[in-house]
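J.: One-letter residues, chain by chain:
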Amino acid sequence: MSFLDNLIGDPKYQANAPRQPEEVADVDIISPDTQRDNRIPPGQSRTKKWPVLDAHGTPEVDLATWSFEVDGLVENPLQWSLDEFMQLPAVKVYADFHCVTRWSRLDNVWGGVATKEIARLAGVKPEAKFVLALAYDYGWTTNVPIEYFLNEDSLFAWSHDGQPIPAEHGGPVRLIIPQLYAWKSAKWVKGVRFLEHDQAGYWEEGGYHMRGVPWGPGDGERFRWS
Amino acid sequence: MDNHSQLMTTFPLFKGFTENGTKRLLDAGEVTQHAPGELLLKEGDTAEFVLLVLTGKLEVFVQRQGKDLVLTEAGPGAILGELAVLCGIPRSASVRAKDASLTLKWSDEAFRSLLLRDHSLSQRVFSGALRTLVDKERSLIDSLIAAQTPA
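Protein sequences, first through last, are from chains A and B. Oh and the first sequence: position 67 is 67 in our numbering, straight run, nothing missing. Quick note, our numbering runs 1000 ahead of the 1-based positions in the second sequence.
In short, the hints are calculated from the structure, not lab data. Treat the hints with caution; some may be incorrect.
Said to hold, decoys possible - Looking from chain B toward chain A, a few residues come up when the C-beta cut is under 10 angstroms (computed):
1) T1010
2) F1014
3) T1018
4) K1023
5) R1024
6) L1086
7) P1090
8) R1091
9) S1092
10) R1096
11) K1098
12) D1099
13) H1119
14) Q1123
Said to hold, decoys possible - Listed next, the stretches of chain A that the computed footprint assigns to chain B, with coverage defined by at least 3 CB atoms under 8 angstroms from CB atoms of chain B:
15) 201-210
16) 219-225
Quick caveat, the model's predicted, so the values are computed rather than measured. Note that CB positions come from ideal geometry on N, CA and C, so glycine has one too.
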């Protein structure tokens, strides 16, 4: 197979320059970072592909028993099956995606339920300041400050560019927080816990940043040692 | 289990790690006790593992013309043998325990897998390994200059 065939065979390969947000039709929310003059954060490079990274490989997720739970500091702990979850009000978000390993994939349309909607349904208590996202891959977690979790452009996504999210990219449902590095966008998400105090997730226990803003200071909030 | 995970969080290489984070590194390897004088690595051997010194002191040396030449000592927090594993070359020096010591031993596969998955850790390990090489080169240059300078 030639190099070109390889690229043509990759349905996620982006052959064209990224669209400008104003050219994108049929979305509800434009992630504000896509409106920057330079959409590539410091220390990052654009990739036209969609690299696959994870801590333990792609887990086997049984869609029949899949469930999503909301617990911690909420008035109404909640649980949904996949069918029920995908009946929740859907939004489409146009956003860029920045990985701490220094690639950025621009120009993505995510479809799913807004994190704000989940928080509204659960009745998050005022003392909740952080969120721990829990995933299906062997107890993997990540922590996110609640204000980023509740950003207008944050969602639990089940589609990418109009197609279901492939398993290796975190399907059936993954968290998407466009304004933080992509490891905060938990793949294979199975729930969220609202917390008063910050609690390090999987990579954060290994020295990764507790917040993870790609736009600085310096070349981004990547690690707690740099 | 001893509190190796707590100890490891104090090493500069693992700055920012929590005990859960260093426990994962421990679980990927094996902790071994060494008596003074015990040989841990042998120059010329195939590189099949990497060592992290937990406690004690190790001595890095080569044998030339029947004599031991000690190159450096390695204490808690030092990684040894990673260059040979990463480059796929034989051991460039031998290592023995100077004092009673404890090491964490990662198989070459486990070590590569840790680095492949953890972008932050690989950056730190590579940066440390390259710094070691640069320091060696500098000391080599100093020795050459010293050898050429008339007494």
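J.: None of the hints should be skipped; say for each whether it holds.
T.: Against the structure, the hints:
no.	hint	result
1	T1010	violated (13 angstroms)
2	F1014	holds (7 angstroms)
3	T1018	holds (4 angstroms)
4	K1023	holds (9 angstroms)
5	R1024	holds (7 angstroms)
6	L1086	violated (18 angstroms)
7	P1090	violated (31 angstroms)
8	R1091	violated (28 angstroms)
9	S1092	violated (28 angstroms)
10	R1096	violated (31 angstroms)
11	K1098	violated (29 angstroms)
12	D1099	violated (29 angstroms)
13	H1119	holds (5 angstroms)
14	Q1123	holds (8 angstroms)
15	201-210	holds (count 6)
16	219-225	holds (count 4)
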